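Protein chains in written order, with numbering that gives the first Met the number 0: chain C, 0 to 178; chain L, 0 to 400.
Keep in mind the hints are simulated off the structure, nothing from the lab.
It is possible that part of the hints are untrue.
Stated by the list, open to error - Chain C regions said to be covered by chain L (calculated; three or more residues, Cβ under 8 Å):
| id | region |
| --- | --- |
| 1 | 7-19 |
| 2 | 29-38 |
| 3 | 44-52 |
| 4 | 72-81 |
| 5 | 117-131 |
| 6 | 137-147 |
Unchecked claim - Which residues of chain C face chain L? A partial, calculated answer using Cβ under 7 Å:
| id | residue |
| --- | --- |
| 7 | V152 |
| 8 | L168 |
| 9 | R169 |
What you are looking at is a predicted structure, and each value in this text was computed from that prediction instead of being measured.
Glycine is no exception: its CB is placed at the ideal position from the N, C-alpha and C atoms.
Here is how the chains run, residue by residue.
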Amino acid sequence: MAAKSSVDDATAVARCLQGDRNAFGVLVERYQALAVSVAFSICRERALAEDVAQDAFVRAFRKLTQLTRPESFCAWLMNIVKNGALRTAHNVSRRDEVHKEASAGRGPHVENPTAAMEFAELLARVDEEAQQVLTFKYLHGMTCAEIGSELGVPVGTVTSKISRTLATLRGIARRETQR
Amino acid sequence: MSGDCNRIRDLIERGAYLDPTAEGFRDVARHAAGCAECAQLVKELRRAEEIVRTGLRWADPGDGFSARVMRDLSAPRRAVRWRAPLAAAAAIALTTFIAILVATQSRRTAEPPYAPPPAPQVVRAVRISGEFAVPDGPKVERAFPVNADILATGPNASFETVHGVGFALQPNTLFRVAPGPLAGHTRFELKRGSAAVSVKTEGRDQQVHLVVDGFSVLTRNADFLIERRNADAPPALYVDRGTVVISFDDGVSEVRMGEHVALTSGQLLDRVRADEARVRTELASLERHCVELKSEIFRGEELERTYWSRHRQRDSELEMNQEAIALAPDEATAEALEKSIQKVVSTVQTLEFLMDEHMAKMGALRKALRERRAELKQKQVLARSYRSQRERSRALLAGLR
Chain C
0 MAAKSSVDDA TAVARCLQGD RNAFGVLVER YQALAVSVAF SICRERALAE
50 DVAQDAFVRA FRKLTQLTRP ESFCAWLMNI VKNGALRTAH NVSRRDEVHK
100 EASAGRGPHV ENPTAAMEFA ELLARVDEEA QQVLTFKYLH GMTCAEIGSE
150 LGVPVGTVTS KISRTLATLR GIARRETQR
Chain L
0 MSGDCNRIRD LIERGAYLDP TAEGFRDVAR HAAGCAECAQ LVKELRRAEE
50 IVRTGLRWAD PGDGFSARVM RDLSAPRRAV RWRAPLAAAA AIALTTFIAI
100 LVATQSRRTA EPPYAPPPAP QVVRAVRISG EFAVPDGPKV ERAFPVNADI
150 LATGPNASFE TVHGVGFALQ PNTLFRVAPG PLAGHTRFEL KRGSAAVSVK
200 TEGRDQQVHL VVDGFSVLTR NADFLIERRN ADAPPALYVD RGTVVISFDD
250 GVSEVRMGEH VALTSGQLLD RVRADEARVR TELASLERHC VELKSEIFRG
300 EELERTYWSR HRQRDSELEM NQEAIALAPD EATAEALEKS IQKVVSTVQT
350 LEFLMDEHMA KMGALRKALR ERRAELKQKQ VLARSYRSQR ERSRALLAGL
400 R
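Work the whole structure out from these sequences, hints included.
Following this line, the structure appears as structure tokens:
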């Protein structure tokens, strides 16, 4: 798991633009799980999702100068991930269609982990800011106050956002408990 | 729902239960301790938190991911390297196509002039797990006639091109040769690629021989393939499908492939990923099975402890009854105690029978768990190897860009 860093997104982006590649490494570590998860919700295959996320980070780095609001790096990156995942999923299905014989008997590339899939699907339905906040809290173990100061928003906004997202997740939690 | 519940629900909605330092956290906890409905709500929200935590941890690709991204950042950029040659190739393709149209029209009256083949454009390929892959490229959907008539010579219908020239469309693009009827003129459909073509038949089989830059490729009943190399450049080829024998002119290597073997880089990665996904799925199901077995064993051990404690109870009952018989004041009491002893003995016998059966079942369960764990270990090794294979493939294919 990536360690949390004291450098915020905007500062990391600014450092990258000044030629500091290590600063981009901080952003990669911060958002790699989220990127894989978002890609997985579209590609439905773990390895493919990792590749899509990897490409998205490279693409993001190369287009970093086009990012007008560095503090919105996460949302911008997730859009790149989504587009990349959609493109890849389309290419894969088209290739499978063209080469039916070659892919015959291979079956669809859908991996099983139901909970992970349900989570990824839900994650794809919430906005990028909520995705970012969830990542900070549940992957990097930051407190609501730390998240608030990282994003420059009041703690109450952070807790409300998390709470609203979790309330949406309750449906899944219920189904899981019933299993 | 009481008024207090409403206040607590409002606190929950504002996320007061999330942070122990948050205002209202204690109120929520205190209220939930005495209100089943609100406790259920908090429990479900905690479960949702767990799903998010597990989901994100599952998705986290680990420490190596960042290193891989940083390595990719250092790789040469694809777009810069592709645009110029692609534009040049497109221009060549367009010019050639126009030239063909003109030539086709004018051929009726006069022999078209010899057109030198366009400069070779190398299609780079890498070999992964014994197979070759080239970069994915755009397809040219339109069918083009080959830049030559195919002329039949001799009774065995050996064919060669009249002009013997190559035909270039786009570099790094798919190439298809679909021979028409072998009579007089044959029309070839090229989707993408570049090759000089000659055709001959042997018996009922038809062979298409493609020569590019001194390289030769042979395919039976030509589905398609292309392979080319410059003298200085590394071997480069594109193969899509068909039974293929490729002979390198310098005798360095010979590659034999079965049917439907060759892939574009995208297809190849798809397959590597699919293999990895399959192993991961098997791994997940094995892990689930192990967990089920472990919990069954755990339940079994609890049952075992219950059996033993009952057994001990019955033993002490027996001892007490036997002592009581010795001290029995009269015959009737002794008889009653004897009957009781018989009952306890029969209970002990039943218990022992059940325990034997249970122990056998537990033995089988433990054996199954050992086997599944060994299998799991093997699958974990396999999954790791698939992952590194994917990484290697990605790195190799990155070199193609």
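Going down the list of hints, with the structure as the test:
{"no.": "1", "hint": "7-19", "result": "violated (count 0)"}
{"no.": "2", "hint": "29-38", "result": "holds (count 5)"}
{"no.": "3", "hint": "44-52", "result": "holds (count 8)"}
{"no.": "4", "hint": "72-81", "result": "violated (count 0)"}
{"no.": "5", "hint": "117-131", "result": "holds (count 4)"}
{"no.": "6", "hint": "137-147", "result": "holds (count 5)"}
{"no.": "7", "hint": "V152", "result": "violated (13 Å)"}
{"no.": "8", "hint": "L168", "result": "holds (4 Å)"}
{"no.": "9", "hint": "R169", "result": "holds (5 Å)"}
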